[in-house]
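K.L.:
Listed below are the residues making up each chain.
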Amino acid sequence: MLGDCLDNVRKNTPLVHNITNYVTVNDVANVLLASGGSPIMSDEPEDVEDITSICGGLSINIGTLNKSSIEGMFLAGKKANELNHPLLLDPVGAGASKLRTETAVKLMDEVNFTVIRGNISEIKTLALGSGTTKGVDADVADAVSEDNLDAAVNFVKDFAKKSGAVIAVTGAIDLVSDADKCYVIRNGRPEMGKITGTGCQLSGLMTAYIVANPDNLLEAAAASVCAMGLAGEIGWNNMLPGDGNSTYRNRIIDAIYNMDAETLDKGAKYELR
Amino acid sequence: MLGDCLDNVRKNTPLVHNITNYVTVNDVANVLLASGGSPIMSDEPEDVEDITSICGGLSINIGTLNKSSIEGMFLAGKKANELNHPLLLDPVGAGASKLRTETAVKLMDEVNFTVIRGNISEIKTLALGSGTTKGVDADVADAVSEDNLDAAVNFVKDFAKKSGAVIAVTGAIDLVSDADKCYVIRNGRPEMGKITGTGCQLSGLMTAYIVANPDNLLEAAAASVCAMGLAGEIGWNNMLPGDGNSTYRNRIIDAIYNMDAETLDKGAKYELR
Amino acid sequence: MLGDCLDNVRKNTPLVHNITNYVTVNDVANVLLASGGSPIMSDEPEDVEDITSICGGLSINIGTLNKSSIEGMFLAGKKANELNHPLLLDPVGAGASKLRTETAVKLMDEVNFTVIRGNISEIKTLALGSGTTKGVDADVADAVSEDNLDAAVNFVKDFAKKSGAVIAVTGAIDLVSDADKCYVIRNGRPEMGKITGTGCQLSGLMTAYIVANPDNLLEAAAASVCAMGLAGEIGWNNMLPGDGNSTYRNRIIDAIYNMDAETLDKGAKYELR
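Chains as they are written, first to last, in the working numbering: chain A, 2 to 274; chain B, 2 to 274; chain C, 2 to 274.
A portion of the hints provided could be inaccurate.
[Claimed, not checked] Below 20 Å or equal to it, Euclidean Cα-Cα: the simulated SDA-like pairs (lysine to any residue) are: (1) B/LYS99 / B/ASN82; (2) B/LYS195 / C/LEU16; (3) A/LYS99 / B/PHE75; (4) C/LYS12 / B/LEU218; (5) B/LYS99 / C/SER54; (6) A/LYS195 / B/ASP8; (7) A/LYS68 / C/LYS68; (8) C/LYS68 / A/SER69; (9) A/LYS68 / B/GLU50; (10) A/LYS99 / B/ASN113; (11) A/LYS68 / B/PHE75; (12) B/LYS99 / C/THR14; (13) B/LYS68 / C/THR14; (14) C/LYS99 / A/ASP148; (15) B/LYS195 / C/GLY130; (16) B/LYS195 / C/LYS12; (17) C/LYS12 / B/SER54; (18) A/LYS68 / B/SER69; (19) B/LYS107 / C/LYS12; (20) C/LYS99 / A/LYS270; (21) B/LYS270 / B/ASP179; (22) C/LYS99 / A/PRO46; (23) B/LYS195 / C/LYS68; (24) A/LYS68 / B/LYS68; (25) C/LYS162 / C/GLY194; (26) A/LYS270 / A/ASP148; (27) A/LYS99 / B/GLU50; (28) A/LYS68 / B/ASP51.
Treat the hints as calculated values from the structure; they're not laboratory data.
With the hints as extra help, turn the sequences into a complete structure.
P.N.:
Here is the structure:
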């Protein structure tokens, strides 16, 4: 059950090393603490290997990459691989600039990621660009909907198989897939897109989930997606007149803080394909 | 009407490239989303030209400048000029350090800004320092008040004329001026100064407004100043016992999120000089 | 009385230069404003000396250090010493990586800090590592408790004597000590550990307190610890059903904003040893 994955985060207090952007980093840290995990941030090349070594897992988010932090990403990623730590890639803006696309593709080529999480456009960019995933059919639409769901599920399974990673595509409908099975998740609210960083927060949260559930990676990744979406629903229900996106941001993290296994199991809306 | 400027932001979803400081960047992103715009942050020199190219406008804020981001500011600024994108300069701390003053002045000399927004002290520093504005009479007081309003209005008109940019000076009384007309705005609350980044947020917001209202730049800039000040008033009215500056910060962004054209038109307090 | 220290912050509006991490920097700025102080952030080596010169004090926090900001820390620290400004070191993560430990130790060796604030593990790392503190007996437990309180008090007094700085060790029980006297403080709530950056916020706040109370450094540092812990208690009392760590963060800063001298004097829980 997904709730067990949540409980394991609370029991194990996974320490997560985040190399992430300076826009949403505070919310990432607070959502990790809310879930029962513990965050450390470090992007300096001379610092990252030591920090990754004391952590349980690594989350790499390229949202505000720079030359120094890119170097840090490769060093930390390779060290995490060496230590067999679970690690996640969030290729923010892949496809939007040459540097972002090339960095994400090169990271995929040189580092083995446990999970890759992004929107459909970012994930397609990776599927098309990476040498290790040549031959993936990325001819899917730019938003996952009921109409193109079959094609999208086939795409993520194919990319998961060729990359060897769990692939999480988030949007109105979320897909979390390995080569064989795909969770199709319908939690969340459209207003979450009016807050900066709900995707970055999910990447941090997902890393805590996979660190705390090493034998159950696919389910753990899916559980974190359901938890984040459900927190968006609970947070929205707690909104009062006059509240807007800034208060909503607090309400979502608060909902992660208060969520227990039973709430997650009851509220998760998914099917397996 | 100012409300039309607000509506145009909601209709056009302007994508704004922000090179800004790491102190207030999350609030800048959330206020842009609250207004109906969309934020992207990037300061790495190798990344900024691509990012600016996919955006509608650029906001440069020197609040925590460093050697790398300064290089990014010039590259992005010149690219935005090439593409005829509206762009804004927020010269945070100009006058407080040599690096900030020189960077702001050099940016003004090498990049054509659509709007320059700062407090009176920062704007005076630019007016005195920039080669393109030699001869501006900056002998005005360090705070705009009813007593020195005529001199301040003349100063901003003069600086607007010589710089070719709309000039926005914010404080207890706000002035938004081109060479001919000056909006004198009396929205806002003094408690807004007890929150970090209301100025930075306004710069982000103003950029969205000018991108969405390209034929009406002066009015758009003034509309964003009124909107931010009015949000400060509405947010203050929503404060409860025990609330302080951190909750006030949320309330202001929430008020931007919920503001419609009618509310802005009714609440805006300005005169034209 | 501790309340006088609080009043002096509100009266003097100390301007504090922060070289701090990008995770919690926004909260540090807002808590400084809440207390009556005023924050400036700058870490660029070419900028920091000018910025420190216009401030009343300096807070150095190594939470997300990088090569450039490290250079900035040394330049700013030496300039602050030259100008006889109070300055604080927050050695975030000392002991967790070689770069952090070496940077913190080298800062202690080359810069005279007025106060050093960290958790017991970080402070022990400094006591063992620094050439100026050779001979400090750091054989104390990794958490200060009623059981090991005597040993911990002796350790901080010894380290304060050898380093010449006020030492503040924060945790379940907080210790603030010079060579002679040690405040043992029992304010605060364990849930504060579920928010990122309450330690960083305290470092910013403490710097404002020592700048505004130059003749009373030990008491000022202790007052800021009591204020932060008390704000945690007040904030917790204001929590509603459904609230979590994100709202708690706002509530704590709000409590600092609303705190007066009388509240602090009544709520502070400390003894002198």
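K.L.:
All the hints need checking, so say for each whether the structure fits it.
P.N.:
Quick rundown of the hints versus the structure:
Of the supplied pair hints, the one linking B/LYS99 and B/ASN82 is violated, its CA atoms being roughly 26 Å apart against a limit of 20 Å. With a C-alpha separation of about 13 Å, the suggested pair B/LYS195 and C/LEU16 falls inside the 20 Å cut-off, and the hint holds. Restraint check: the Cα-Cα separation between A/LYS99 and B/PHE75 comes to about 19 Å, which is no more than 20 Å; the hinted pair holds. As the CA atoms of C/LYS12 and B/LEU218 are separated by approximately 42 Å, the hinted pair breaks the 20 Å bound.
Restraint check: the Cα-Cα separation between B/LYS99 and C/SER54 comes to about 12 Å, which is no more than 20 Å; the hinted pair holds. Distance restraint check for A/LYS195 and B/ASP8: the Cα-Cα separation of roughly 17 Å lies within the 20 Å cut-off, and the hinted pair is therefore satisfied. Restraint check for A/LYS68 and C/LYS68: satisfied, since their Cα atoms lie roughly 12 Å apart, inside the 20 Å limit. Taking the CA atoms of C/LYS68 and A/SER69, the gap is near 9 Å; set against the 20 Å cutoff, the hint holds.
Restraint check: the Cα-Cα separation between A/LYS68 and B/GLU50 comes to about 15 Å, which is no more than 20 Å; the hinted pair holds. At most 20 Å may separate the alpha-carbon atoms for a hinted pair to count; A/LYS99 and B/ASN113 exceed this at roughly 26 Å. With a C-alpha separation of about 17 Å, the suggested pair A/LYS68 and B/PHE75 falls inside the 20 Å cut-off, and the hint holds. Using a Cα cut-off of 20 Å, the hinted pair B/LYS99 and C/THR14 is violated, with the two alpha carbons roughly 24 Å apart.
Simply put, B/LYS68 and C/THR14 have alpha-carbon atoms about 30 Å apart, too far for the 20 Å limit, and the pair is violated. Between C/LYS99 and A/ASP148 the CA atoms are separated by roughly 53 Å; this puts the pair beyond 20 Å, and the hint is violated. Of the pairs offered as hints, the one joining B/LYS195 and C/GLY130 is violated, with about 40 Å between alpha carbons and a cut-off of 20 Å exceeded. For the hint pairing B/LYS195 with C/LYS12, the CA-to-CA distance comes to about 15 Å; that is within 20 Å, so the pair holds.
At most 20 Å may separate the alpha-carbon atoms for a hinted pair to count; C/LYS12 and B/SER54 exceed this at roughly 48 Å. A hinted pair counts as satisfied when its Cα atoms are at most 20 Å apart, and A/LYS68 with B/SER69 qualifies at roughly 9 Å. At most 20 Å may separate the alpha-carbon atoms for a hinted pair to count; B/LYS107 and C/LYS12 exceed this at roughly 38 Å. Only pairs whose Cα atoms come within 20 Å are accepted, and C/LYS99 paired with A/LYS270 is rejected, the gap being roughly 45 Å.
Restraint check for B/LYS270 and B/ASP179: the C-alpha separation of about 19 Å stays at or below 20 Å, so the hint holds. Of the supplied pair hints, the one linking C/LYS99 and A/PRO46 holds, its CA atoms being roughly 12 Å apart against a limit of 20 Å. Proximity of B/LYS195 to C/LYS68 is assessed by CA-CA distance (about 32 Å); at most 20 Å being required, the pair is judged violated. Using a Cα cut-off of 20 Å, the hinted pair A/LYS68 and B/LYS68 holds, with the two alpha carbons roughly 13 Å apart.
With a C-alpha separation of about 29 Å, the suggested pairing of C/LYS162 with C/GLY194 is violated against the 20 Å cut-off. For the suggested pair A/LYS270 and A/ASP148, the alpha carbons sit about 19 Å apart, so the restraint of at most 20 Å is met. About 10 Å separates the Cα atoms of A/LYS99 and B/GLU50, which keeps this hinted pair within 20 Å; it holds. Proximity of A/LYS68 to B/ASP51 is assessed by CA-CA distance (about 16 Å); at most 20 Å being required, the pair is judged to hold.
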